[in-house]
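These protein sequence lines are chains W and B, in that order.
Everything in the first sequence is counted per this note's numbering, starting at 1 for the first residue and increasing by one.
Everything in the second sequence is counted per this note's numbering, starting at 226 for the first residue and increasing by one.
Just so you know, the hints here were simulated from the structure itself, not pulled from any lab data.
Just the calculated beta-carbon pair ranges, DEER-fashion:
#1 B:Val428 with W:Ala202: 48 to 54 Å
#2 B:Val262 with W:Ser193: 54 to 60 Å
#3 B:Trp465 with W:Ala90: 39 to 45 Å
#4 W:Leu207 with B:Pro345: 37 to 43 Å
#5 B:Arg469 with W:Phe32: 52 to 58 Å
#6 W:Thr6 with B:Arg380: 35 to 41 Å
#7 B:Phe234 with W:Leu27: 55 to 61 Å
#8 W:Gly163 with B:Pro345: 38 to 44 Å
#9 B:Thr349 with W:Gly191: 27 to 33 Å
#10 W:Gly45 with B:Thr349: 21 to 27 Å
From a predicted model like this one, the values you see are computed outputs, not experimental measurements.
C-beta atoms are modelled at their ideal positions from N, C-alpha and C, and glycine is treated no differently.
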Amino acid sequence: MNGLATALITLLRRDLILALRRRQDALVVLGFFVVVVSLFPLGVGPDPQLLRSMAPGVLWVSALLATMLSLERLFSDDFRDGSLEQILLAPQPLSLLVGSKILAHWLITGLPLVLISPLLGMQLGLDGTEILTLMAALLLGTPILSLVGAIGAALTLGLRGGGVLISLLILPLYVPALVLGAGAVDAVMYGSSAQAHLSLMAALLILTLLLAPWAIAAALRIMLD
Amino acid sequence: MAEQRVQWFKFASPPNFYDLAGRLAPWFGGLAAILFVVGLYIGFILAPPDYQQGNSYRIMFIHVPTAWMSMFLYVLMAVYAAIGLIWRVKTAEVMAKAIAPTGAMFAFLCLWSGALWGKPTWGTYWVWDARLTSQLILLFLYLGYMALHAAIEDRQRAANASAILALAGVVNVPIIYFSVVWWNTLHQGASVTVTSAPTMETVMFAALLVMTFACWMYAIAVVLWRARLELLERERRAAWVLERMGEKA
Numbered sequence: 001m002n003g004l005a006t007a008l009i010t011l012l013r014r015d016l017i018l019a020l021r022r023r024q025d026a027l028v029v030l031g032f033f034v035v036v037v038s039l040f041p042l043g044v045g046p047d048p049q050l051l052r053s054m055a056p057g058v059l060w061v062s063a064l065l066a067t068m069l070s071l072e073r074l075f076s077d078d079f080r081d082g083s084l085e086q087i088l089l090a091p092q093p094l095s096l097l098v099g100s101k102i103l104a105h106w107l108i109t110g111l112p113l114v115l116i117s118p119l120l121g122m123q124l125g126l127d128g129t130e131i132l133t134l135m136a137a138l139l140l141g142t143p144i145l146s147l148v149g150a151i152g153a154a155l156t157l158g159l160r161g162g163g164v165l166i167s168l169l170i171l172p173l174y175v176p177a178l179v180l181g182a183g184a185v186d187a188v189m190y191g192s193s194a195q196a197h198l199s200l201m202a203a204l205l206i207l208t209l210l211l212a213p214w215a216i217a218a219a220l221r222i223m224l225d
Numbered sequence: 226m227a228e229q230r231v232q233w234f235k236f237a238s239p240p241n242f243y244d245l246a247g248r249l250a251p252w253f254g255g256l257a258a259i260l261f262v263v264g265l266y267i268g269f270i271l272a273p274p275d276y277q278q279g280n281s282y283r284i285m286f287i288h289v290p291t292a293w294m295s296m297f298l299y300v301l302m303a304v305y306a307a308i309g310l311i312w313r314v315k316t317a318e319v320m321a322k323a324i325a326p327t328g329a330m331f332a333f334l335c336l337w338s339g340a341l342w343g344k345p346t347w348g349t350y351w352v353w354d355a356r357l358t359s360q361l362i363l364l365f366l367y368l369g370y371m372a373l374h375a376a377i378e379d380r381q382r383a384a385n386a387s388a389i390l391a392l393a394g395v396v397n398v399p400i401i402y403f404s405v406v407w408w409n410t411l412h413q414g415a416s417v418t419v420t421s422a423p424t425m426e427t428v429m430f431a432a433l434l435v436m437t438f439a440c441w442m443y444a445i446a447v448v449l450w451r452a453r454l455e456l457l458e459r460e461r462r463a464a465w466v467l468e469r470m471g472e473k474a
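Let the sequences and hints guide you as you build the complete structure.
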């Protein structure tokens, strides 16, 4: 048990240190998120009312795309230098080790999206409670994006054009998170409570936490077979 | 190993499946052709025009069976994928792969016929109705499955990897459906309801039933035939393939 905890923490630390050494990888994802959101007003016009009503959807779709961008590197670097094979050979359960890697991925790419979202929300004209709801929804939703996305990343490991393929595989599976996440902010905007949306989002997160690591571990075993 | 216990498993072995599918597929194909003719005759000639929608409701005889088929085939594909993944049954892997294009075709036909029905009835080809949207996402899931299968060169690995995707998809399908229903009720009121159709006459119901069976027979015939060809390709170096090809040459 102790050995397991050490292994998980070591893996988490290693991934975080690697990410700190190559800061631009995480920053590019964040930059992408900001740029995509900022491009929408240029596309649809500066009407504040329109932007405000579009804001939840725009922010959420941009968050999906930004996560998608970061997924390709989730396993591919470890795959290339052989450390992924070592992780597979480790005596600890692969699904838990994978969970540790995904936690690192979320801390590096998901959490920054949550933290920068108030700024972008304000840019699109959301007010106080709406921004808080947006942050809460993203906080519950971005781990789902990382977990489900990791299935796609594992399944496309080592394939030519894997990055494009991930989006076709994974974006349809992101629909529930998108609907609930954007719906939570919408609900507050139209004067009702976001509690139902957030509860369902939390339920979805628990379900994903339960099933996704198992699927990712199976997918990694298949692709590295 | 399993063959000794249950006779049924005999047909899981590729050569036996190949022979059986080759014998059954033409029968299913013939049955499909007959049922299509009968179903279309009942649907287009015997059934009276609807008192609200006139003749345009007849698209339903194509639309509804294709919708059912596309959803059911996805579940069936996932079941075969699971069997292939867990018990390493090669014929199940082949069946899962063979179902995908037919399911995608039904999903597309469903959307297409729905659009053609929507224009005269709702006045627009497309609305972001919950059913339409989830059907569209189902089509995307089929396309993703086929794309992943095509992208991996090693056949065994392709079968296993896409089986995981099919299973992830089948867990997600109900969640997607309910989330989309919910999204829909939030965004727009019940301006358009698909379910408000008047109760059906017996003739209409008969046509619908016959058309559904026709689609089933068609799907079975095509899937068996495609699975047969896929098995030949996968096992092209096996003795049984050479034996059977030698016979024909």
